[in-house]
Amino acid sequence: MGKNNAKPPLKSKKVPSQGSQSAGTIVNSALIAAVIAIVAACAFYYSDALGQRKTVESMIKPFAQKLESKLNDLGVDMGRSMTAEELLQEGRAHESLKRPQCRDAPGCGKSVTADSCAADEALALRCCSSCHKLTCVDTHTDCPTWAYEMKCIDNAEFMKANCCSSCSPDPDDPCSIDPSERPDVHTGDITKIFERAMREFPQYPATVHSTDPWVVQFDNLLDDEECAGIIEAVGGKRGEYIRPSTTAKPVRQANGQVVLTDVPDQIRTSHNAWCQHRSCFKHPVHERVIKRIMSIVGLPENNAEHMQLLKYGPGEYYRLHHDWIPEQLDARCGPRAFTFFLYLSDVEEGGGTNFPYLNITVMPKKGSAVLWPHGLDSDPRTKDHRTHHEAMPVIKGMKWGANYWIHVSDFKTAMATGCDGRQGQPRRSRMLTQQGAQARLQEDAAQRAGR
1 MGKNNAKPPL KSKKVPSQGS QSAGTIVNSA LIAAVIAIVA ACAFYYSDAL
51 GQRKTVESMI KPFAQKLESK LNDLGVDMGR SMTAEELLQE GRAHESLKRP
101 QCRDAPGCGK SVTADSCAAD EALALRCCSS CHKLTCVDTH TDCPTWAYEM
151 KCIDNAEFMK ANCCSSCSPD PDDPCSIDPS ERPDVHTGDI TKIFERAMRE
201 FPQYPATVHS TDPWVVQFDN LLDDEECAGI IEAVGGKRGE YIRPSTTAKP
251 VRQANGQVVL TDVPDQIRTS HNAWCQHRSC FKHPVHERVI KRIMSIVGLP
301 ENNAEHMQLL KYGPGEYYRL HHDWIPEQLD ARCGPRAFTF FLYLSDVEEG
351 GGTNFPYLNI TVMPKKGSAV LWPHGLDSDP RTKDHRTHHE AMPVIKGMKW
401 GANYWIHVSD FKTAMATGCD GRQGQPRRSR MLTQQGAQAR LQEDAAQRAG
451 R
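As numbered in UniProt numbering, residues 1 to 451 make up the sequence shown, in order.
Hints listed in this document are in silico derivations from the structure and should not be mistaken for laboratory results.
Being a predicted model, the structure only gives us computed values, none of them experimental.
Positions of the beta carbon are idealized from the N, C-alpha and C atoms, including for glycine.
Any given hint could be a false lead.
Stated by the list, open to error - Below, in silico cross-link-like pairs of lysine to aspartate or glutamate (DMTMM-like), each with a Cα-Cα straight-line distance of 25 angstroms or less: (1) K365 x E348; (2) K366 x D224; (3) K110 x D189; (4) K291 x D323; (5) K249 x D262; (6) K291 x D189; (7) K396 x D219; (8) K383 x E149; (9) K396 x D189; (10) K365 x D189; (11) K365 x E200; (12) K366 x D115; (13) K396 x E348; (14) K160 x D224; (15) K151 x E327; (16) K282 x E305; (17) K237 x E225; (18) K282 x E226; (19) K160 x D379; (20) K192 x E181; (21) K396 x E226.
To be verified - If you anchor each label on the Cβ, the simulated ranges turn out as follows: (22) S210 x R103: 43 to 51 angstroms; (23) D219 x R103: 51 to 59 angstroms; (24) A105 x Q203: 28 to 36 angstroms.
Whole structure, please, built from the sequences with the hints as guidance.
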């Protein structure tokens, strides 16, 4: 039998240069320029014919504003296509983000063996999936359990040699987790992140409401200009991106697949907007604030979801809930690790953030923020039910805030490639429960026996 720890090389793809211009972009830009010219000509003719004093500028201003908003939504900059980073900020994938595919070419059948895969590199490439399954195998029945316990990371050399299958992503599933990659938030990291934040950022005075679990309020995080800038950046200059709030719920499709779908929900009556338009992620205040937040938590910016702006009017609320999304446990981004909630306004009365299981209520204070975890410090992949919370009703005034959810691993790439858990569970669960681990072991054994 061939080597049990061999990993056939994956086929690479040519990556287009960033900022390359597409024909579709040129056509869009030309059409937009033509529309502007026609509107301007009509406005000039109209004002001249009627002898009115309206200028062309004032006549076309409403049209120009709408076109500007549309340009931002499309990411069109008059002839320039979007870079990979800009696409990522909008939740769209650039070719360079896609995981190389490991598939079998025609003719890869039962004649392919572990020995032939190990001996013939060309065959290993052509029959990538088959060779991976034949040569990358587990030699111990406890491999799935060890992998679940993060041994692929903590005892990498032994696990690579003896538990190759359990420590490798599924070649048939581009969204499967690679158990050999350490998440950015691991066992014991939650406490370290909070302690470091308070130690290294004394300019944002911290109020520790709880240490088990952590709930910490930071004051003076934003000034008045930055609070207004976040509202403008995410919500739009005229509030054009603000919509009634929804919640993500699992919905079964006609094909039986369960996907997360944003739907209206009476437990949440606020309005919100997402920073997935160019006028937001290019806004200087937004850029400055997210760099500050991610410096405080000490994690990569791509681990964070796009900022969500919130607007609560009198009587509006968000009933008791948890920010944990169980469908993301198997996703490449992993579960949410933290909520970093920004208070962008004072509230005359009401509107506090209440943690009923901890007997804690944080009242809105403009420019402050509150940070709390979603998982346990001993295992960030296990939900901490104690951080259930609610946005209490606003009684008088207006409450502006912003959610910044931060994951244990890269969220933005996972979202852009359809691997953030919203599209349903992966074809094979990757050792996240003992049951799933044993099921995967049995499935691998059945596949090898069937060849």
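Hints versus structure:
1. A threshold of 25 angstroms between alpha carbons decides the hint, and for K365 with E348 the separation of about 10 angstroms falls inside it, so the pair holds.
2. Distance check on the hinted pair: K366 and D224 sit about 8 angstroms apart at the alpha-carbon level, within 25 angstroms; holds.
3. Distance check on the hinted pair: K110 and D189 sit about 47 angstroms apart at the alpha-carbon level, beyond 25 angstroms; violated.
4. For the given pair, K291 sits about 22 angstroms from D323 by alpha-carbon distance, which is consistent with the 25 angstroms threshold.
5. With a CA separation close to 6 angstroms, the supplied pair K249 and D262 stays within the 25 angstroms bound.
6. Simply put, K291 and D189 have alpha-carbon atoms about 20 angstroms apart, close enough for the 25 angstroms limit, and the pair holds.
7. The suggested pairing of K396 with D219 holds, with an alpha-carbon distance near 23 angstroms, which does not exceed 25 angstroms.
8. Taking the CA atoms of K383 and E149, the gap is near 16 angstroms; set against the 25 angstroms cutoff, the hint holds.
9. A distance of roughly 39 angstroms separates the Cα atoms of K396 and D189; the hinted pair therefore is violated under the 25 angstroms criterion.
10. Taking the CA atoms of K365 and D189, the gap is about 28 angstroms. The hint is violated against a cut of 25 angstroms.
11. With a C-alpha separation of about 22 angstroms, the suggested pair K365 and E200 falls inside the 25 angstroms cut-off, and the hint holds.
12. For the proposed pair K366 and D115, the alpha carbon gap of about 66 angstroms is over 25 angstroms, so the pair is violated.
13. Distance hint between K396 and E348 is fulfilled; the C-alpha atoms sit about 5 angstroms from each other, no more than 25 angstroms.
14. Proximity of K160 to D224 is assessed by CA-CA distance (about 53 angstroms); at most 25 angstroms being required, the pair is judged violated.
15. With a CA separation close to 24 angstroms, the supplied pair K151 and E327 stays within the 25 angstroms bound.
16. Simply put, K282 and E305 have alpha-carbon atoms about 16 angstroms apart, close enough for the 25 angstroms limit, and the pair holds.
17. For the proposed pair K237 and E225, the alpha carbon gap of about 14 angstroms is at most 25 angstroms, so the pair holds.
18. Between the alpha carbons of K282 and E226 the distance comes to roughly 14 angstroms, so the proposed pair stays at or under 25 angstroms and holds.
19. With a C-alpha separation of about 23 angstroms, the suggested pair K160 and D379 falls inside the 25 angstroms cut-off, and the hint holds.
20. Between K192 and E181, the direct Cα distance comes to roughly 20 angstroms. Compliance with the 25 angstroms bound is thereby established for this hinted pair.
21. Of the supplied pair hints, the one linking K396 and E226 holds, its CA atoms being roughly 23 angstroms apart against a limit of 25 angstroms.
22. At about 50 angstroms, the beta-carbon gap between S210 and R103 stays in the expected band of 43 to 51 angstroms.
23. In this structure, D219 and R103 meet the distance hint of 51 to 59 angstroms, their C-beta atoms being roughly 54 angstroms apart.
24. For A105 and Q203, the Cβ-Cβ distance of about 59 angstroms falls outside the hinted range of 28 to 36 angstroms, so the restraint is violated.
Consistency with the previously given hints fails for numbers 3, 9, 10, 12, 14 and 24, ordered from lowest to highest.
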